[in-house]
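2 protein chains.
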Amino acid sequence: MLELFHDIRDELKAVENGLREVVQTNSQLLTETSTHLLNAGGKRLRPALVLFSAKFQKFELAKVLPLAVALELIHMASLVHDDVVDASLTRRGKPTVKAIWGNGISTHIGSYLFAKSLMLIAEYKDIPLISEVLSDTSVKMCEGEIQQISFSFDIHQSLKNYFYRIKRKTALLIAASAQLGAVACGAPRQIHLPLRRYGYNIGMAFQITDDILDMVAEQSKLGKPIGGDLRQGIITLPLIYALACCEKRDRLVELVCKVDKSEDEVKEALDLVRNCGAIDRSFEIARKFILKAKAELKALPDIPTRVTLSMAADFVGIRKF
Amino acid sequence: MLELFHDIRDELKAVENGLREVVQTNSQLLTETSTHLLNAGGKRLRPALVLFSAKFQKFELAKVLPLAVALELIHMASLVHDDVVDASLTRRGKPTVKAIWGNGISTHIGSYLFAKSLMLIAEYKDIPLISEVLSDTSVKMCEGEIQQISFSFDIHQSLKNYFYRIKRKTALLIAASAQLGAVACGAPRQIHLPLRRYGYNIGMAFQITDDILDMVAEQSKLGKPIGGDLRQGIITLPLIYALACCEKRDRLVELVCKVDKSEDEVKEALDLVRNCGAIDRSFEIARKFILKAKAELKALPDIPTRVTLSMAADFVGIRKF
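Which chain is which? The protein sequence lines are S and F, in order.
To convert, note that position 137 of the first sequence is 137 in the numbering used here; the numbers rise steadily by one, no gaps.
To convert, note that position 194 of the second sequence is 194 in the numbering used here; the numbers rise steadily by one, no gaps.
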């Protein structure tokens, strides 16, 4: 668990138990795959945000627990589905469901986890905003993934395309997490809307940092081989900048567009990106989103959780995993 | 359109338009894949059942249209996800999304269509039963698919395993369609529960007939190569019977368990199943479900739609496609 989550450690344990209960079935394969996913861990950022968000209203664990579990299930479902496309066979240092059980199982397990989240969300029938936000977010998450595939190996994509994509892929679910904890406890708009914008901005920073780490991290810390995006032809922010400013642009284009790159070619492309200032420029953008996130917090009541959320925003920008 | 659906042709046109509207996006790939799916057609059985079901209460198209569209979207999503597992490259006589665009796109398009259905279902916030039934059904559909994969090539599975699977894979969504049209128009339990049981029983008969057709149909009518289940190691009702009564059981077991069968081996196995009475016994079971479905109708008001539903049950048992 992240040190940042110390104040909500008991609640997060309840989320963990909730996740394990949800995937208890009489199907051995289902239990096995789901348990594998749970054991692979993860930061549990989305449930943590749900819990923190609820602290800005009258906090009641029973009111937010199903939601916190549902948000993590939606996230897990999207990871399993991504793995169908993704060439990487490890995630968080462990083999993916796809690597062990294949594409068919991955597709159905992802849908199963997602459908389970719907059962939890159905409990909030008195607060229609929750299912409205989450169904809209789910549609947009798929749009982001599909845009990513259709733009792969396309070096002509713009910053706008990139931001459109990461908003949908990542930021909207984090925004929903930060918003809906408060909503579930009955918070008014002047509370849950700044929380949503906070979540959106750290979500954008989170994905940009992820995309940077895929180019500069140590594999042991990242839990998967670096350069994964490059291998799959996914053009992320550092690469968009590098394509604009790299002195050896022609060579970079050639490497990026090659479908089956050798390890040496991946390394060469990564070096070109790293040595032209593109990484620093990308970090700069991430920092801007973090500042925006922290600015949103000013509209919220001055409770200790507000300080924690401010530190969480900083963490997103400096994390190495 | 099926002749049976003549009385609701205008409403089904509205469903068709609704489906096309739902998939209009500014993503070319999304629109292209979704339109491909819509143009591939289908019987639109689930929307038709929603519409018929609503006729047992005060029918209002506006009240059932989003639901009818949502039910077809859930069905389409499950077909696209099945294709990730399925070796068949055609469905309804057309290439599958997977065959043209690959597994990654199929996974995300399926999830996209499913998420779109949630947006429509969210409109029924005043009738929580609708989202409860559909989230429960969605979970169980995944359980059915996963059970199918984990039991593939397993000749020791029982009739109970088979019925467990087809209930989840097929019957529950048809049951939900037959139930929820009436629910959306405000029908009481004594109306929507018999409709649900009617739907469940025709759903079971529908899947059994499907499984029989996969062994006896003409390829041109089926829209996909026959013997698909055998090739994938899916043990369906005719095969369970054949494994119990075929004189050349050892040879049949050998053929069924072989992972990569030649065309001659598929044909030999199909002949063994066809020539031992297993097909007739399977049809007999389908007929029993149809009789049960028709018996449920007796509890409903004697309106013309009741006759149509009775004919629809008969159609399920005699269809050739």
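If you are wondering where the hints come from, they were derived from the structure by calculation, not from laboratory data.
Beta carbons are placed, not taken as given, at the ideal position from N, Cα and C, and that holds for glycine.
Please note that the accuracy of each hint is not assured.
[As the list claims (entries may be wrong)] Label-pair restraints from in silico Cβ distances:
hint : chain 1 : residue 1 : chain 2 : residue 2 : range
1    : F       : 128       : S       : 41        : 30 to 40 Å
2    : S       : 129       : F       : 150       : 31 to 41 Å
3    : F       : 303       : S       : 58        : 47 to 57 Å
4    : F       : 213       : S       : 218       : 34 to 44 Å
5    : S       : 102       : F       : 163       : 50 to 60 Å
6    : S       : 93        : F       : 24        : 57 to 67 Å
7    : F       : 128       : S       : 189       : 43 to 53 Å
These are the hints, each one checked on the structure:
1. 128(F) / 41(S): 30 to 40 Å: Holds, since residue 128(F) and residue 41(S) (Cβ atoms, about 34 Å apart) stay within the stated range.
2. 129(S) / 150(F): 31 to 41 Å: Given range 31 to 41 Å: holds, Cβ gap about 38 Å.
3. 303(F) / 58(S): 47 to 57 Å: Because 51 Å falls inside the window, the suggested range holds.
4. 213(F) / 218(S): 34 to 44 Å: With Cβ atoms ~56 Å apart, the hint is violated.
5. 102(S) / 163(F): 50 to 60 Å: violated (26 Å)
6. 93(S) / 24(F): 57 to 67 Å: The hinted range 57 to 67 Å is violated for residue 93(S) and residue 24(F), with Cβ atoms some 42 Å apart.
7. 128(F) / 189(S): 43 to 53 Å: With a Cβ separation near 24 Å, residue 128(F) and residue 189(S) fall outside 43 to 53 Å, so the hint is violated.
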